[in-house]
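K.L.:
Each chain, written out:
Protein chains: 2
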Amino acid sequence: MDGTAIIYTNNSLQGPSAKTAHGLLRHGKRYRILAVIDEAHAGKDAGSVMDGKPLGIPVFGSLSAYLSSGLERARYCIIGIASAGGRIDPAWIPTLEEAIQAGMSLVNGMHHLLIHQPRLLDLAKEHAVDLIDVRKPKPASELPFWTGDIARVGCPIVPVLGSDCAVGKRTTARFIEAACNDRGIRTEMIYTGQTGWLQGGKYGFIFDSTQNDFVCGALENAILECWEKERPDLILVEGQAALRNPSGPCGTEMLISGRANACLFVHPAGRTHYKGWEHLGLDLPPPEEEIALIRAFGVKTIGVALNTRAYDPVRLSDYRDQLQARLGVPVALPLEEGVKSLVDALETFLQQWNQERATFT
Amino acid sequence: MDGTAIIYTNNSLQGPSAKTAHGLLRHGKRYRILAVIDEAHAGKDAGSVMDGKPLGIPVFGSLSAYLSSGLERARYCIIGIASAGGRIDPAWIPTLEEAIQAGMSLVNGMHHLLIHQPRLLDLAKEHAVDLIDVRKPKPASELPFWTGDIARVGCPIVPVLGSDCAVGKRTTARFIEAACNDRGIRTEMIYTGQTGWLQGGKYGFIFDSTQNDFVCGALENAILECWEKERPDLILVEGQAALRNPSGPCGTEMLISGRANACLFVHPAGRTHYKGWEHLGLDLPPPEEEIALIRAFGVKTIGVALNTRAYDPVRLSDYRDQLQARLGVPVALPLEEGVKSLVDALETFLQQWNQERATFT
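The listed protein sequences derive, respectively, from chains W and D. Just so we're aligned, residue 1 is where the first sequence starts under our numbering, counting upward by one. Just so we're aligned, residue 1 is where the second sequence starts under our numbering, counting upward by one.
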């Protein structure tokens, strides 16, 4: 644990762009979250705003409201929003400056780096706090190339892919990780995004700020390191974007270089277009099509999770049942009902996998 | 044109790892190549070593042999080899130092940068020459994110993909670019690798040293810039790696974010395993399978080129005819017979595309 933190979400706590904040509110080993700063939801509980489940973490309408509240002073202020292209919005700067002046170190998961902002850099020096840029790229000399050694891993590798960005791939993976471990299946999740690092993930790397040629080496390396150190029963891999996401297709890396043995898939029920690209008329493909595409890369999908944000709650259960019948694999509603059916599917898969291995060796 | 250059290939001029050198010998607008330094092929003609076609460019066994030959002194010494992982081999250093001492600037397409080698940096300062690291990554603040503006491009976009690395995707694209222009189809190739830049390509970027999240934005940006400035009839895109290459799958970026309207495909006849991964037993899929996978991403392949390095020349024509019959599209042998059949296929495709556009608008 690095210490206490507050999360700044600039009015977005309820929307999908605050997915970094949501990840930290749901799961965190690196920071203990004391409060959220979000003008639009001042006075509420952060968990209630996020998904209706109170967490005992208050939302303040401004940084000064938090500072004068008498609440414990946090060591870190984390930017909890993910913007397209990873730009730092100029609207955030006054709050960030105020946080530095109050003695807090800043934690930033954007591509645009705080250390490239001279005014923030000077202010941080003056107040002896740190600017932590999670997505600061590593030079090639510190990055591994893919070697094929991943073949040594002795447990199944299962990525959690999805049909779009911001559908809950990481959240689903974290739920499954916890539920598997509760059931005695020793499970680790390889993080591939900045939120995974912020959550205190032990094994992983930040996919999208890695030079393209080293992405698969970094993925292999994280999986191998996890296998060598933990010898788990199961390794989950956090997916990124989607196989056909127009702004950055992703997934073949996990399927091919990450030697996936099976796959889990997250779909946003009722979402009709790729998020953020509605104006381009880019239809979101049905989950059957994406799952067939994953199969064309040699990997079978053994369970599906639904993100229900955009779906009528009354019709949800019917939709789920129909999809389940069409796909022939369990379809779970993680936020509403948990991930039991997916863990059942994983358990069956693990038994088969171990049996086949025992036969071959 | 930046000036005169020699190419250093450290005994590899004949092999596929010298593909950077081959690209510069075949096509170059940035440098005029005076000589190649390659101990194994001293005294020969560089073109004869490469593919049996003399170019009037001599090979010297060492840099000193070149320097004492009386030949014009080049301004640049280019590293002409592509190593896995882009490492600078310590064996190259003495020659690189000698080149600096002879007053030549070094040009390096490896991921590992010359400017990170203190001894070379000091020496370059002392001799007032440049160290040019082509794959030096750009910071996020200089990189564009994908916007969807690529939909504005008013001509077909056709990537040249392939079943593996080092099969001749760029070479095939360059041949087709030249042949199309000869026929009056104004054609531009978007380069996506360091050799494309070294060849003097006007539009493009270096895929594998770009932070992953910006690859598709950089691709879109290069295509858009080419369209805005040249208004060509056709844009070709140099492919990278392969859809299922284990060390770094690639291609969905070109197909989806690059809005491919059709595809050309290069296959190495007779290659049985992914190059460099033979020891892992990773079979190279047959071209039919890869072409079906490209189709699953919504793009039709309209022609195939064969790399014939690993195939028995006597049986080549039969293999080509059979593949052509199976695929139902022209299969060309670019090095042996040129790319006429592929240009024919492109011309037909262009006519259909323009007709459909005229009907819709």
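What the hints contain is simulated information worked out from the structure, not anything from laboratory work. Remember, it's a predicted structure, so these values are computed and weren't measured experimentally. Honestly, I wouldn't trust all of these hints.
Result set (SDA-like, lysine to any residue): computed pairs, CA atoms no more than 20 angstroms apart in a straight line [said to hold, decoys possible]:
no., chain 1, residue 1, chain 2, residue 2
1, W, K136, D, H116
2, W, K138, D, R326
3, D, K300, W, P285
4, D, K300, D, R326
Short derived list, chain D residues pointing at chain W, Cβ under 8 angstroms [what the hints assert, rightly or not]:
no., residue
5, A40
6, A42
7, G43
8, G47
9, G85
10, S141
11, W146
12, V215
13, L243
14, P246
15, S257
16, A269
17, F297
18, F349
19, W353
20, Q355
Ideal placement from N, C-alpha and C gives every residue a C-beta, glycine not left out.
K.L.:
Taking the closest Cβ pair, is D:V215 under 8 angstroms from chain W?
P.N.:
Interface hint status for D:V215: holds (5 angstroms vs cutoff 8 angstroms).
K.L.:
With a cut-off of 8 angstroms, does the beta carbon of D:S257 approach a beta carbon of chain W closely enough for the hint to hold?
P.N.:
Holds, because the Cβ-Cβ distance from D:S257 to chain W comes to roughly 6 angstroms (cut-off 8 angstroms).
K.L.:
Regarding the hint that D:F349 lies at the interface with chain W, is the smallest CB-CB distance below 8 angstroms?
P.N.:
Constraint on D:F349 not satisfied, violated at 23 angstroms.
K.L.:
Hey, does the D:S141 contact hint survive, CB to chain W under 8 angstroms?
P.N.:
6 angstroms, holds
K.L.:
Next item in the hint list is D:F297. Is there a CB on chain W closer than 8 angstroms to its CB?
P.N.:
Where the cut-off is 8 angstroms and the nearest Cβ of chain W is about 7 angstroms from D:F297, the hint holds.
K.L.:
Regarding the hint that D:Q355 lies at the interface with chain W, is the smallest CB-CB distance below 8 angstroms?
P.N.:
23 angstroms, violated
K.L.:
Should the hint that D:L243 touches chain W count as held when the rule is a Cβ pair under 8 angstroms?
P.N.:
7 angstroms, holds
K.L.:
Within a Cα-Cα threshold of 20 angstroms, do D:K300 and D:R326 meet the stated pairing?
P.N.:
Cα-Cα ~15 angstroms, so holds.
K.L.:
Going by Cβ atoms only, is D:A42 closer than 8 angstroms to chain W?
P.N.:
Where the cut-off is 8 angstroms and the nearest Cβ of chain W is about 32 angstroms from D:A42, the hint is violated.
K.L.:
Would the stated hint for D:G43 survive a check requiring a Cβ distance to chain W of less than 8 angstroms?
P.N.:
Status violated, d = 35 angstroms.
K.L.:
Hold the hint about D:A269 up to the distance rule: shortest CB distance to chain W must be less than 8 angstroms.
P.N.:
For D:A269, the interface hint is violated, since the closest Cβ of chain W sits about 23 angstroms away, which is over 8 angstroms.
K.L.:
Taking the closest Cβ pair, is D:G85 under 8 angstroms from chain W?
P.N.:
3 angstroms, holds
In this structure, the earlier hints numbered 2, 5, 6, 7, 8, 16, 18, 19 and 20 are contradicted, and the remaining ones agree with it.
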